[in-house]
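Student: Below are the chains, spelled out letter by letter.
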Amino acid sequence: MLKSLLMATTLVTGLLIGPSSSFAAEEIVIYSARKEHLLKPILDAYREKTGVATRYLTDGEGPLLARLQAEGSSTPADLLITVDAGNLWHAAEQGVLAPVESATLTANIPETLRDPQKNWFGLSVRARTIVYSTERVKPAELSSYEDLADPKWKGRLCLRSSEKIYNQSLVAMLIARLGEEATEKIVRGWVGNLAVPVFSNDTKLMEAMAAGRCDVGIVNTYYFGALQKEKPNTPVALFWANQGGNGTHINISGAGVTKHAKHRQEAIKLLEWLSTPEAQQLFAELNMEFPANPAVKPHATVAAWGDFKSESLNVSLAGKFQTSAVRLMDRAGYK
Amino acid sequence: MTHSAVSGWRWSVLAWGFSLIILIPIGVILSAWITPEWAVWRHLVDTLLGELLFHTLLLLIGVTMWVLILGVGLAWLTAMCRFPGQRFFDWALILPLAMPAYVLAFSMLGFLDYGSPLQGWLAHQFGPNGYWFPDTRSPAMVVFLFSLSLYPYVYMLARAAFLGQGQRMLEASRMLGRSPWGAFFHAALPMARPAIAAGCALAVMEALADFGAVSVLGFNTFTTAIYKAWFGLFNLTAATQLASLLLLFVAVAVTVEQQMRGRARYFSTDGHAPSRDRIRLRGLPALLATGLASLVFLLAFALPVGQLLVWAWSRLDLDLDGRFRDLALHTILLGTGAALLATLAALFLGMVRKRRAGERATRLALHLATLGYALPGSVLAVGVMLTLVWLGKGVDGVFGTATSGVSTGLSGGILALLFAYLVRFLAVAMGPVESGLERIRPSLAEAAHGLGSSSWEVMRRVYLPMLRPGLLTAILLVFVEVMKEMPATLLLRPFGWDTLAVRIYEMTSEGEWERAALPAIVLVLVGLLPVILLVRKTGRSGG
Numbered sequence: 001m002l003k004s005l006l007m008a009t010t011l012v013t014g015l016l017i018g019p020s021s022s023f024a025a026e027e028i029v030i031y032s033a034r035k036e037h038l039l040k041p042i043l044d045a046y047r048e049k050t051g052v053a054t055r056y057l058t059d060g061e062g063p064l065l066a067r068l069q070a071e072g073s074s075t076p077a078d079l080l081i082t083v084d085a086g087n088l089w090h091a092a093e094q095g096v097l098a099p100v101e102s103a104t105l106t107a108n109i110p111e112t113l114r115d116p117q118k119n120w121f122g123l124s125v126r127a128r129t130i131v132y133s134t135e136r137v138k139p140a141e142l143s144s145y146e147d148l149a150d151p152k153w154k155g156r157l158c159l160r161s162s163e164k165i166y167n168q169s170l171v172a173m174l175i176a177r178l179g180e181e182a183t184e185k186i187v188r189g190w191v192g193n194l195a196v197p198v199f200s201n202d203t204k205l206m207e208a209m210a211a212g213r214c215d216v217g218i219v220n221t222y223y224f225g226a227l228q229k230e231k232p233n234t235p236v237a238l239f240w241a242n243q244g245g246n247g248t249h250i251n252i253s254g255a256g257v258t259k260h261a262k263h264r265q266e267a268i269k270l271l272e273w274l275s276t277p278e279a280q281q282l283f284a285e286l287n288m289e290f291p292a293n294p295a296v297k298p299h300a301t302v303a304a305w306g307d308f309k310s311e312s313l314n315v316s317l318a319g320k321f322q323t324s325a326v327r328l329m330d331r332a333g334y335k
Numbered sequence: 001m002t003h004s005a006v007s008g009w010r011w012s013v014l015a016w017g018f019s020l021i022i023l024i025p026i027g028v029i030l031s032a033w034i035t036p037e038w039a040v041w042r043h044l045v046d047t048l049l050g051e052l053l054f055h056t057l058l059l060l061i062g063v064t065m066w067v068l069i070l071g072v073g074l075a076w077l078t079a080m081c082r083f084p085g086q087r088f089f090d091w092a093l094i095l096p097l098a099m100p101a102y103v104l105a106f107s108m109l110g111f112l113d114y115g116s117p118l119q120g121w122l123a124h125q126f127g128p129n130g131y132w133f134p135d136t137r138s139p140a141m142v143v144f145l146f147s148l149s150l151y152p153y154v155y156m157l158a159r160a161a162f163l164g165q166g167q168r169m170l171e172a173s174r175m176l177g178r179s180p181w182g183a184f185f186h187a188a189l190p191m192a193r194p195a196i197a198a199g200c201a202l203a204v205m206e207a208l209a210d211f212g213a214v215s216v217l218g219f220n221t222f223t224t225a226i227y228k229a230w231f232g233l234f235n236l237t238a239a240t241q242l243a244s245l246l247l248l249f250v251a252v253a254v255t256v257e258q259q260m261r262g263r264a265r266y267f268s269t270d271g272h273a274p275s276r277d278r279i280r281l282r283g284l285p286a287l288l289a290t291g292l293a294s295l296v297f298l299l300a301f302a303l304p305v306g307q308l309l310v311w312a313w314s315r316l317d318l319d320l321d322g323r324f325r326d327l328a329l330h331t332i333l334l335g336t337g338a339a340l341l342a343t344l345a346a347l348f349l350g351m352v353r354k355r356r357a358g359e360r361a362t363r364l365a366l367h368l369a370t371l372g373y374a375l376p377g378s379v380l381a382v383g384v385m386l387t388l389v390w391l392g393k394g395v396d397g398v399f400g401t402a403t404s405g406v407s408t409g410l411s412g413g414i415l416a417l418l419f420a421y422l423v424r425f426l427a428v429a430m431g432p433v434e435s436g437l438e439r440i441r442p443s444l445a446e447a448a449h450g451l452g453s454s455s456w457e458v459m460r461r462v463y464l465p466m467l468r469p470g471l472l473t474a475i476l477l478v479f480v481e482v483m484k485e486m487p488a489t490l491l492l493r494p495f496g497w498d499t500l501a502v503r504i505y506e507m508t509s510e511g512e513w514e515r516a517a518l519p520a521i522v523l524v525l526v527g528l529l530p531v532i533l534l535v536r537k538t539g540r541s542g543g
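Protein chains in written order, with the numbering used here: chain A, 1 to 335; chain B, 1 to 543.
Only chain A is shown next, with the shape it has when bound in the complex (with noise of 0.2 Å):
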């Protein structure tokens, strides 16, 4: 029984560690906190037409930029491709990050979508704004963020949890342009007007809404957009918040060459590319996001959503001042 058990022990770590030592070296490597699904098809067509292989990894953002950074200068990885621009200002933050000059990219890339030190650049733009039931709610009545804190909405507003990184981007937000004070109010304003506890998802949240528990709310775009292509009939529209004012909180999934790349030059050559016409639409199609090069339109059931003014601040604000955000929404009572 001993000696069988250490002779498959020892087979079978064999053959896991055997195969996984071999690495080919002329291929540019990905850590990639957007999911295998979003960004594989746009990967295989960058084979296709340049003949350069990519392998990558997908995790959250927080533990590839662990794993970056403990590995340091060792790291086999060139590109770091995440979501949300507070973990790319977090990214650059630490330095795991180099800068990179490039025409085409700041040609391509707006200026408040990019980080003003280049080290990354947005990709896709998503909206955060506002969802509404249509049975209960005239889009009339609606018209920003801070407005959801009026005590007219008291138990008529859905939210999803603060821990996701998007509501603390869109508190950040709030507090670049309104400062603290002014922004705790608001979100103790939402507290109080909660229907029900928190939702772990935005899909969760509309379903409710749907089902009757609450009137209004505040979610990705590209979730309503999943939604409305799953179930057509859901009585819950988009309203583009802020448009009075400074315009819809929007974010970027980006892309950044890291300090340590093995292939910098092919990194970049990649990055550029995405930013090209060709590969924008499919970056964004996938995701149901809007371009992030202003020359491509987006996909026709995104653009049926209509036009909007978005945000006008660099969207890099959303990470400085996102510690900020996190502890004004914990003092809130923001679960």
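Accuracy of the hints is not assured; some may be wrong.
[To be verified] Mimicking SDA-like on lysine to any residue, the simulated pairs with C-alpha atoms at most 20 Å apart in a straight line are:
no., chain 1, residue 1, chain 2, residue 2
1, A, K229, B, W313
2, A, K185, B, T47
3, A, K335, B, R42
4, A, K3, B, L464
5, A, K335, B, D135
6, A, K231, B, S314
7, A, K335, B, V143
8, A, K259, B, K393
Think of the hints as simulated: they come from the structure by calculation, not from any bench.
Dock chain B against chain A, hints included.
Tutor: Just chain B now, with coordinates in the frame of chain A:
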């Protein structure tokens, strides 16, 4: 005598050496205290700490209570009694073991939540607010789901213990005038205590370290605070400091477990004599037994699997492709490798403990070696990562290899992942191996020694045959655990080593529970194989 004392010392040194290796990643995590992050602590104390402590305590007490009631109660019923369906429930009640807590959480939420067909129907019948429905995000629901997901640990170990006690002891206590229930409370239960305590400790540690299920349910515990500090406040140091507090909770749990095991030692004499004489339940008791077993099976397994199947079916054309074969294969390979490693390690440590039972220092070393189970997987993974990077750089430095040499090989290779599994799941393997060892009478080994057998021979010819069920249980338990493990696998897997759990993560992280159902159902199916094997090997006696 002197000879055995010397070799005994060697054992202790070996045990310490091994424990220390396991402890390095945990030490790395504890070293975060070198720079205390007072600002974050202050913030937590001011805002969330009260709630976190309350929730964690609630989880600790609630889960302990319910896994004991469900686990021990059902184990006694199926192992010792006869009631309609008993043969089926005997093995069926172990099946929920294959279901990760996070999968149970999101499938049950899908079934019960506002947007579900069930609530839709209720709302249609009675109006949106015209009916009562349990709050799907309440603490009671969290304790309920965790108990359903974790009771199999207690059930399985208690069932094996009851079956292993044999009939004679119970007969004796019956003859001495005890009622069947008296025999249960005064003879069977005390003898099964080590096994029950081990199962209970596993369940509690798992609940404390969980992140997936609590985040689906929106229930703030220590783990959610750890992640908040890490991802929200961008402060990994504070996160690891918080994580080290979890270890404190676990130290308490482990101490309680040791107390529960008690000083007394029980040794079985007649091994696996099948119990022929089951207590036959009739009338209301039989109805209650069948009802309880059915309800637990339905809620913990049948219903969530049904929900997953419905979801998976609707996405089949979108997602099912050849990659699933690779995902399943990786899952199985990693599970097998880690299970064998952890079981060997547990056997080694258990033997040392058995031989050096009196020594405080040795006992301490063994305790410490099992702490990894209580840490959230990703925090532990970072600890392992830092350890291996540091080791690799040391090796690079000494041998002057290129920067992409040994260091990347170590930290980005499969060894890192296996090591992380070992650190995390050693406790899981220790439970069954130790409770198996405890039931072996020391006089047996002494007799063999007295007859001139070497330690090796005693091991091979006395211990191993008697330990067989325990070792097998350990292997299969660790396999199932590794298969369900998500955060460490995500962070430490080498390129291309995606598993089913990784796939589930990809879908659930953006809330696409319906698309996560397909990998989840495959995961449950893969997990069922060892569970069924386990049931068969641990004996379906009383037939």
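Student: Against each hint, give a clear statement of whether it holds in the structure.
Tutor: A quick look at each hint next to the structure:
no., hint, in the structure
1, K229/A / W313/B, "holds (18 Å)"
2, K185/A / T47/B, "holds (17 Å)"
3, K335/A / R42/B, "holds (18 Å)"
4, K3/A / L464/B, "holds (11 Å)"
5, K335/A / D135/B, "holds (16 Å)"
6, K231/A / S314/B, "holds (13 Å)"
7, K335/A / V143/B, "holds (19 Å)"
8, K259/A / K393/B, "holds (18 Å)"
Comparing the model with each numbered hint stated earlier shows that all of them hold.
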